[in-house]
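Position chain F against the provided structure of chain D, taking the given hints into account.
Same order as they appear, the protein sequences are chains D and F. Everything in the first sequence is counted per this note's numbering, starting at 647 for the first residue and increasing by one. Everything in the second sequence is counted per this note's numbering, starting at 647 for the first residue and increasing by one.
Think of the hints as simulated: they come from the structure by calculation, not from any bench. These numbers come from a predicted model, not from an experiment. You may find that some hints are simply not true.
Just so you know, same-sequence chains aren't split out, so a pair can sit in one copy or run between any two.
Claimed, not checked - Below are the BS3-like pairs computed for lysine-lysine, each with C-alpha atoms no more than 25 Å apart in a straight line:
| no. | residue 1 | residue 2 |
| --- | --- | --- |
| 1 | 1128 | 854 |
| 2 | 672 | 683 |
| 3 | 819 | 915 |
| 4 | 872 | 854 |
| 5 | 915 | 770 |
| 6 | 887 | 1093 |
| 7 | 971 | 672 |
| 8 | 709 | 659 |
| 9 | 1073 | 1000 |
| 10 | 659 | 1093 |
| 11 | 1077 | 1000 |
| 12 | 819 | 1128 |
2 protein chains.
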Amino acid sequence: MNDQASRPLDRPKARLPRGFQDSAGKMLAIQEQLVGKLAEVYSSYGFEWLTTPSIEFADALGKFLPDLDRPHEGVFSFQDDDGQWLVLRYDLTAPLARYVAEHYDTLPFPYRRFQTGLVFRDEKPGPGRYREFVQFDADTVGTASMAADAEFCMLAADSLEALGLARGDYLVKINNRKVLNGVLELIGVPEGAAGDALRLAVLRAMDKLERLGVGGVAQLLGAGRKDESGDFTKGAGLASKDIDRVLGFLHAGGADRGAVCAALADLVKGSEIGEQGTVELLEIDAGLSAAGFGQDRARIDPAIVRGLAYYTGPVFEAELTFETKGEDGRPIRFGSVGGGGRYDNLVERFLGRKVPATGVSIGVSRLAAALELRGLLSDVAHVGPVVVLVLDRDRLPHYQAMVGELRAGGIRAELYLGQGGMRAQLKYADKRAAPIVVIEGGDERAKGEVTLKDMALGAELSSEIKSRAEWAKGSASQVSIKREELTRRVHEILTRRRP
Amino acid sequence: MNDQASRPLDRPKARLPRGFQDSAGKMLAIQEQLVGKLAEVYSSYGFEWLTTPSIEFADALGKFLPDLDRPHEGVFSFQDDDGQWLVLRYDLTAPLARYVAEHYDTLPFPYRRFQTGLVFRDEKPGPGRYREFVQFDADTVGTASMAADAEFCMLAADSLEALGLARGDYLVKINNRKVLNGVLELIGVPEGAAGDALRLAVLRAMDKLERLGVGGVAQLLGAGRKDESGDFTKGAGLASKDIDRVLGFLHAGGADRGAVCAALADLVKGSEIGEQGTVELLEIDAGLSAAGFGQDRARIDPAIVRGLAYYTGPVFEAELTFETKGEDGRPIRFGSVGGGGRYDNLVERFLGRKVPATGVSIGVSRLAAALELRGLLSDVAHVGPVVVLVLDRDRLPHYQAMVGELRAGGIRAELYLGQGGMRAQLKYADKRAAPIVVIEGGDERAKGEVTLKDMALGAELSSEIKSRAEWAKGSASQVSIKREELTRRVHEILTRRRP
Chain D
647 MNDQASRPLD RPKARLPRGF QDSAGKMLAI QEQLVGKLAE VYSSYGFEWL
697 TTPSIEFADA LGKFLPDLDR PHEGVFSFQD DDGQWLVLRY DLTAPLARYV
747 AEHYDTLPFP YRRFQTGLVF RDEKPGPGRY REFVQFDADT VGTASMAADA
797 EFCMLAADSL EALGLARGDY LVKINNRKVL NGVLELIGVP EGAAGDALRL
847 AVLRAMDKLE RLGVGGVAQL LGAGRKDESG DFTKGAGLAS KDIDRVLGFL
897 HAGGADRGAV CAALADLVKG SEIGEQGTVE LLEIDAGLSA AGFGQDRARI
947 DPAIVRGLAY YTGPVFEAEL TFETKGEDGR PIRFGSVGGG GRYDNLVERF
997 LGRKVPATGV SIGVSRLAAA LELRGLLSDV AHVGPVVVLV LDRDRLPHYQ
1047 AMVGELRAGG IRAELYLGQG GMRAQLKYAD KRAAPIVVIE GGDERAKGEV
1097 TLKDMALGAE LSSEIKSRAE WAKGSASQVS IKREELTRRV HEILTRRRP
Chain F
647 MNDQASRPLD RPKARLPRGF QDSAGKMLAI QEQLVGKLAE VYSSYGFEWL
697 TTPSIEFADA LGKFLPDLDR PHEGVFSFQD DDGQWLVLRY DLTAPLARYV
747 AEHYDTLPFP YRRFQTGLVF RDEKPGPGRY REFVQFDADT VGTASMAADA
797 EFCMLAADSL EALGLARGDY LVKINNRKVL NGVLELIGVP EGAAGDALRL
847 AVLRAMDKLE RLGVGGVAQL LGAGRKDESG DFTKGAGLAS KDIDRVLGFL
897 HAGGADRGAV CAALADLVKG SEIGEQGTVE LLEIDAGLSA AGFGQDRARI
947 DPAIVRGLAY YTGPVFEAEL TFETKGEDGR PIRFGSVGGG GRYDNLVERF
997 LGRKVPATGV SIGVSRLAAA LELRGLLSDV AHVGPVVVLV LDRDRLPHYQ
1047 AMVGELRAGG IRAELYLGQG GMRAQLKYAD KRAAPIVVIE GGDERAKGEV
1097 TLKDMALGAE LSSEIKSRAE WAKGSASQVS IKREELTRRV HEILTRRRP
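Chain D on its own, in the form it takes in the complex (with noise of 0.2 Å):
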């Protein structure tokens, strides 16, 4: 508000509203090319795109907001002219339910569809945490075959490589969300609704394995846990022995994906839905192991949870193994890229029968950051465009002609369109990182000649040469060239500073 007394009191302020953000340059340029290989993978694989509205009626979309621990979080919403009550999408899974149950007649099942789109959020802001942002989905609806959960993970393994990330750069977890209810069952939480919110509560410790570490959990499957700052939270009241029964589970491992299957199914021995799982995971483990998908790129892990209440089998996530460095400097995980699991009842709102299905959620922004920090995508990302000078103001259709020669020759080229002097055109070109700049001024245009100035040498001379005197008869960034080898010449450099 303070500005608002430098300004006039009629004229707006140019700004945008908190938690949303434009974005240009780099990692714009970054995102969608991640978005168009992502694409191109999920079509081999026979997945057809499919593009919804943003905005749908809020009865259609229900409110199933992807993470537990956010209850509170809300959806843009306002009413239609005729009263009825309209929202922003919040994902992209509820609108696919919609679709589904509205073309449930005519869709081919199992109906594999991918999508990418804004999602909207009216909830607080924070640090990387934006009201608008990028989802990628894919989905497999109409099967409860656990193929379609191996070729998630195989699809989220070959996507990763597709976008340049390195076998051992990442690995796929998979785990089953029955194994776990039945280790809850053997415990005595109660099946469904009366033992929701124990389960929940088992749930979120477990989640917080990789944070809090073992003492952690345990503290939080118990009574609670008081951490740094003095703030208690409520534990979930487990027996000392249940506790080292959710541990063991968390911990159980193996060799291969067979042996941790078998660990798994000694523990949830006796209870039905617990061995249901492991045998679901041992199909998921020969889907895989069939196409060649080895332990290097999907292993079976139990302490994979996954926010969302709505899964009922499989879950499964894709993790960058690389590290980065955390808030407080020190090196971490890059973590999580993205991830999904089998729902079965969005579809039921709608029909009243059960649809089987599964599905994945890609981070697009999150995945962008780390493709940038391993340099992937980049190097063709961004190449600024080759700037003709205009030096003689009434010669703009002859500089114009040069241009179209550049582009004719499949190089990025433009035209000076200012009113600045020779210093002003070489700061924009500089602004635009320009890698050559082409100079006709009328000494050289006597002659027949251009001037192409090679703007990252130029730079690098720059830094180098230290007087004066050496910069003003430093010319090795410049060359003339004959008129006519313009565009041959001005390859011939962009081909040298490739990378």
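Using the frame of chain D, we list chain F on its own:
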């Protein structure tokens, strides 16, 4: 409401609000490729990609809805939790003005950017008119140079050719509001706000030339016009000699852009603003000619008006010249797929000073419809996946391995994941537009073979072969191959089938 009777009341109905649509299949694929190609061309001209959020402050966007004829149409708006009004953007120009004002001190000028995304209109939907649609915009901000306007004319022509349209299938038409204002000045329409209503009436009349012909326009310029239904539209009330002057302007022609400019200069002699307009048109002509854009690609056409009130100088429109069918079934020219012009006032709202700008907006869905009509982009837009059938459910991992092999060979392929038998699976493959189905039953397996069914050939044959007996033995669309030759043979058939 009717069908709620057969549905429990607590079950929502799966449907969309009016004016919104889902999109899938061929048109979506064409549209996605279209936007990608446009982005490539604009990038090659040095334009930078920008994205801005869907939601902005109401006062920051203002309300410059681009259609004069729909003054009551609105924007979607709602209040933030602190009481401030937010709106869904209704175009991509108002957010650009906000962005430029916000980053005025750091952007390189002239600033060239392109942007594509959804825009929203809270208005009455109709056939082909939606409340959410995709726009593609490009603008150059911070230069008064006509070279910038010439560039957009070149861009329009180059973009359409990059999309596969032939020279002769399109025409870029150029006009200048200043020339038009010159004509109006000479017939006594007052400059500025005093003449606004009359100017608007004349513009509207001119804009109807294609639809109503010279006679209709003459009536609308004069006392008024009664249409076939008997409805009367009040005219601009011009005197007869002034009507002639306006009609003369509309029909000013010549062998090339230079000749049209000369004819226009003649018509506005004595009006300073009018003469300035013809000089600007000559500058645009010079830029186009220098870059090799002849009369076959870009023409000066005084009949181009463009509805937007905020244009202040050159306006341009890209028209497709081939024919399609009108609402009455009669052939009409496809018409405009985009256009734009110079506007100098949008950023002024924020900064209190004029910032000259010029830009273009492309109607993505309309252009996509034109490409589909011409059969462009669509050949690659939708080939279904190869479907591997599952005849022996116990051998799912084995079938999975086949799919993996096909994909590794660069072939779009999927495993049937449902519960259906052979017949249901073939029907599924048909719905998915699968080019080939891979079949391996017990007999084939015993011989180390698989069967490939060419679905397109099968469809052709079944339309020719009429008797069941012929159909039963008609196996020309199927071929048995060695299991180890799977990928190679599938490749062969796909290559043969390619158009």
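Quiz item: Honestly, which of those hints from before does the structure not fit?
Solution: When the structure is compared with the hints, numbers 1, 5, 6, 10, 12 turn out to be violated.
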